[in-house]
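S.K.: Residue numbers (my numbering), protein chains in the order written: chain A, 1 to 110; chain B, 1 to 113.
It is worth saying that the hints were derived from the structure and are not from the lab. From a predicted model like this one, the values you see are computed outputs, not experimental measurements. Yeah, the Cβ is synthetic: ideal placement off N, Cα and C, and Gly gets one too. One or more hints might be untrue.
[To be verified] Once the Cα atoms are required to be at most 20 Å apart in a straight line, the calculated SDA-like pairs of lysine to any residue come out as:
| id | chain 1 | residue 1 | chain 2 | residue 2 |
| --- | --- | --- | --- | --- |
| 1 | A | K97 | B | R57 |
| 2 | A | K42 | B | A87 |
| 3 | A | K56 | A | K42 |
| 4 | A | K97 | B | E52 |
| 5 | A | K2 | B | N59 |
| 6 | A | K56 | A | Q31 |
| 7 | A | K42 | B | L11 |
| 8 | A | K42 | B | S7 |
| 9 | A | K56 | B | G98 |
[To be verified] A short list of chain A residues far from chain B (calculated; beta carbon distances all over 12 Å):
| id | residue |
| --- | --- |
| 10 | L11 |
| 11 | V13 |
| 12 | P14 |
| 13 | E15 |
| 14 | G16 |
| 15 | Q31 |
| 16 | L46 |
| 17 | N55 |
| 18 | G59 |
| 19 | R60 |
| 20 | T62 |
| 21 | Y71 |
| 22 | Q80 |
| 23 | D83 |
| 24 | A110 |
[Stated by the list, open to error] If you anchor each label on the Cβ, the simulated ranges turn out as follows:
| id | chain 1 | residue 1 | chain 2 | residue 2 | range |
| --- | --- | --- | --- | --- | --- |
| 25 | A | Y51 | B | Q17 | 41 to 51 Å |
| 26 | B | R15 | A | D58 | 39 to 49 Å |
| 27 | A | N27 | B | T20 | 26 to 36 Å |
| 28 | A | K109 | B | N77 | 22 to 32 Å |
| 29 | B | P61 | A | D66 | 17 to 27 Å |
Here is how the chains run, residue by residue.
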Amino acid sequence: QKEVEQDPGPLSVPEGAIVSLNCTYSNSAFQYFMWYRQYSRKGPELLMYTYSSGNKEDGRFTAQVDKSSKYISLFIRDSQPSDSATYLCASHTGGFKTIFGAGTRLFVKA
Amino acid sequence: ETGVTQSPTHLIKTRGQQVTLRCSSQSGHNTVSWYQQALGQGPQFIFQYYREEENGRGNFPPRFSGLQFPNYSSELNVNALELDDSALYLCASTRASGTGELFFGEGSRLTVL
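So that you can see chain A by itself, here it is in the shape it has in the complex (with noise of 0.2 Å):
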């Protein structure tokens, strides 16, 4: 069993839609949540960071980790076709290794 997992995907949906992004993880040391997003050929950039349960805001971006059940969501408001992506959870226990989920693959039509 990974230690983050998430679906593939692709998600498609049409612009303005309310997009829902999650994924489950299996080690309970956990402590710290995070989203990424990948365009097409660069690098990962931090979206969203959450330290322990709870819910976490910005902009059309809302982050929630729910510990008790192990599981991680990220929904985007209003999505625009800038937000095709990949995006990708992540955990550490605040060591020195982060665990990556496999990406879900995002596309929004106008």
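On the provided structure of chain A, position chain B as indicated by the hints.
M.R.: Same frame as chain A, but now just chain B:
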């Protein structure tokens, strides 16, 4: 603020050869990590360097080795290349005193024939 830069961006090698990839950390960051990203997969942790010493290693064989220099730049060396080494190699820097957010470069795409 200068971001993470990597070189070369693309390279092609043949099986059995050796390769060196280079990375310059983001200014103010003293820790560098290397990740391997195969096509359609998430990045896999190779190792991390802090104060010129390997600080942690993932499940990669010894033919993957690295260096960190006093200016915090870094190298990834891979010996005896295999076809499965074909991937995007990502360098990421972070502050050792931070909470582990990774700042990635654009990557070096290695093709092994």
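S.K.: Run every hint past the structure and note whether it holds.
M.R.: Comparing the hints with the structure gives:
no.	hint	result
1	A:K97 / B:R57	holds, 8 Å
2	A:K42 / B:A87	holds, 13 Å
3	A:K56 / A:K42	violated, 25 Å
4	A:K97 / B:E52	holds, 17 Å
5	A:K2 / B:N59	holds, 13 Å
6	A:K56 / A:Q31	holds, 15 Å
7	A:K42 / B:L11	holds, 16 Å
8	A:K42 / B:S7	holds, 13 Å
9	A:K56 / B:G98	holds, 19 Å
10	L11	holds, 15 Å
11	V13	holds, 20 Å
12	P14	holds, 25 Å
13	E15	holds, 25 Å
14	G16	holds, 28 Å
15	Q31	violated, 9 Å
16	L46	violated, 5 Å
17	N55	holds, 18 Å
18	G59	holds, 18 Å
19	R60	holds, 20 Å
20	T62	holds, 18 Å
21	Y71	holds, 18 Å
22	Q80	holds, 23 Å
23	D83	holds, 19 Å
24	A110	holds, 25 Å
25	A:Y51 / B:Q17: 41 to 51 Å	holds, 43 Å
26	B:R15 / A:D58: 39 to 49 Å	holds, 45 Å
27	A:N27 / B:T20: 26 to 36 Å	holds, 33 Å
28	A:K109 / B:N77: 22 to 32 Å	violated, 43 Å
29	B:P61 / A:D66: 17 to 27 Å	violated, 37 Å
Hints 3, 15, 16, 28 and 29 from the earlier list are contradicted by this structure; the remaining hints agree with it.
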